[in-house]
Amino acid sequence: MRYLVILKAEQPATPPPPELMEAIMKLGGEAAAAGALLDTAGLAPSGAGALVALAGGRLSVTDGPFAEAKELISYALYEVRSKEEAVEWTSRFMKLHRDLWEGWEGESTVLKVLGPEDFGPPAT
Amino acid sequence: MTVADPHRATHRAIEAVWRIESARVIAGLARLVRDVGLAEELAQDALVIALEQWPEAGVPDNPGAWLMATAKHRAIDLLRRQTRYAHKLEEVGRDLDVRQWAEPDLDAAIDDQIGDDLLRLVFTACHPVLPTESRVALTLRLLGGLTTEEIARAFLIAEPTVAQRIVRAKRTLAAKKVEFELPAPHELADRLSSVLGAIYLIFNEGYAATGGDDWTRPELCQEALRLGRILAGLAPGEPEVHGLVGLMEIQASRLRARTGPSGDPVLLMDQDRRLWDRLLIRRGMEAIDRAEALGGMFGPYALQAAIAACHARAPSREDTDWERIAALYQVLAHVSPSPVVELNMAVAVGMATGPAEGLEIVDRLVSERTLAAYPQLPAVRGDLLARLGRLEEARLEFERAATLTRNGRERALFLDRAADHAKGTPAG
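Sequences listed follow chains A and B, in order. Mapped onto the working numbering, the consecutive letters of the first sequence carry residue numbers 1 to 124. Mapped onto the working numbering, the consecutive letters of the second sequence carry residue numbers 1001 to 1428.
Next comes chain A alone, as it looks inside the complex:
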């Protein structure tokens, strides 16, 4: 089953320490070698994006940035056998931030992607 993990945090004042980026690359390599990580990338600040909204039958397009305190920082797409496995990989990712970026705070949301297992016949 597939899980999409989205990292949210305040935009930091300074770029992340190079040791953290190195450790994230290493962990990504391990997760890919384990057949678990399908795709991952960082996201540019919302200033580079836009919002397309539909309300009251009207479509509106607003350029970023948006006034939210926390922004989406990155995503990762995992194929694993249980939610706990996705949580384990995500915890490893968050621990790297704890150990290598003093004072940083953020949150990762682990979301299940609907897959073939959700569309089969009723569970037997």
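Derived by calculation from the structure, the hints in this document are not laboratory data. For clarity, every value in this text was computed on a predicted model and none was experimentally measured. Where is the CB? At the ideal position from N, CA and C, for every residue including glycine. Keep in mind that a hint or two might mislead.
[Stated by the list, open to error] Beta-carbon label-pair distances, calculated as ranges: (1) V52/A x L1275/B: 47 to 53 Å; (2) E1392/B x I6/A: 57 to 63 Å; (3) I6/A x R1317/B: 56 to 62 Å; (4) G49/A x L1156/B: 45 to 51 Å; (5) R1080/B x I6/A: 45 to 51 Å; (6) A13/A x L1267/B: 35 to 41 Å; (7) M21/A x N1062/B: 15 to 21 Å; (8) L4/A x R1411/B: 36 to 42 Å; (9) S1316/B x P45/A: 40 to 46 Å; (10) P16/A x E1286/B: 26 to 32 Å; (11) G56/A x H1007/B: 37 to 43 Å.
[As the list claims (entries may be wrong)] On the chain A side, residues computed to face chain B include the following (Cβ under 10 Å): (12) G35; (13) K112; (14) G115.
Following the hints, put chain B in place on chain A, whose structure we already have.
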């Protein structure tokens, strides 16, 4: 169940860690103790200790390293006991090979070689001295981290049967003195094909379940795919590994489209292609590119992957490049001849040239003994006959296919098609 049990949650977290780490732990230990069965028992001991300690003490920061260290301590204890025992034996005049056990820096040694150790573990689990079903069970157990119960459920067989297969396989490996080593260059091709065969068998059991009431079992496909991806990382220079991964990625991309809303099978030509998984198709194409870049485009798996890619590329059934598919099957029949390949070629020729030409190939296969119980033979023949307007013969063939399949969903599909032709409606 009213309140979430925190211990239960920890247990599930430990299971997840186990599934991620167990193959590495077993592989590292196997090099230490030179016995895959013993390595697995030691790793299991570490898991039991984790299940006792972690709910109270919390999951350690680096759970993989913890499991490895704990299992390794048990291994070293055991080895010391054995060495002492061996010395005792020597004192009474026996000559025994006492291995160099307690090396000073085992951690570094294990970490450096974990990739090779995993590869050794794959080759050992799929060793040709073992019967195919044992290779499959051992691979799922040692590399997939599946429990005996999970393997039994996946293959719809009794748990004691799986347990016995695994015990017997470990015993055979020990009895035949199978070394925990990578294959010698001259045997690499055969040994690799044994590994790839086991992984593809796991995939296929998930993709087209041979028995039971479900048409597909996606979790088995995903397990095989995961094993294939791991293998591609361990042996990146082997084109057929990429060929197999490409084949599985592309076939798996159709899993969602392969089953209808009530669990009924939807065949390739009738699938809603918008349901195909674009990400898996892209990954499959990349794997095929890698196989070809390594000069492996004529390997049996790379060829099958190339055939699967023809379908993945086609925007609709009408736009399928059947000539190319028929040509690829011709090459495949040459490099890896089998009646099943011939049968698939008949389908492709039936589409590329015409049903009469396809039927000619199928008719040559009817006397083939190995296909006597293969439900797809009458099904393909029935389809070609129906397209030629020979509906009564087609009906009989689909009925025959229905009696041969052991999958309930597939039986219903064949009976439907038989009924179609009884009513005299030509097939679409």
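Going through the hints against the structure:
{"no.": "1", "hint": "V52/A x L1275/B: 47 to 53 Å", "in the structure": "violated, 25 Å"}
{"no.": "2", "hint": "E1392/B x I6/A: 57 to 63 Å", "in the structure": "holds, 59 Å"}
{"no.": "3", "hint": "I6/A x R1317/B: 56 to 62 Å", "in the structure": "violated, 37 Å"}
{"no.": "4", "hint": "G49/A x L1156/B: 45 to 51 Å", "in the structure": "holds, 49 Å"}
{"no.": "5", "hint": "R1080/B x I6/A: 45 to 51 Å", "in the structure": "holds, 50 Å"}
{"no.": "6", "hint": "A13/A x L1267/B: 35 to 41 Å", "in the structure": "violated, 58 Å"}
{"no.": "7", "hint": "M21/A x N1062/B: 15 to 21 Å", "in the structure": "holds, 20 Å"}
{"no.": "8", "hint": "L4/A x R1411/B: 36 to 42 Å", "in the structure": "holds, 38 Å"}
{"no.": "9", "hint": "S1316/B x P45/A: 40 to 46 Å", "in the structure": "holds, 41 Å"}
{"no.": "10", "hint": "P16/A x E1286/B: 26 to 32 Å", "in the structure": "holds, 29 Å"}
{"no.": "11", "hint": "G56/A x H1007/B: 37 to 43 Å", "in the structure": "violated, 50 Å"}
{"no.": "12", "hint": "G35", "in the structure": "holds, 4 Å"}
{"no.": "13", "hint": "K112", "in the structure": "violated, 14 Å"}
{"no.": "14", "hint": "G115", "in the structure": "holds, 7 Å"}
Hint compliance for this structure: hints 1, 3, 6, 11, 13 are not met, and every other hint is.
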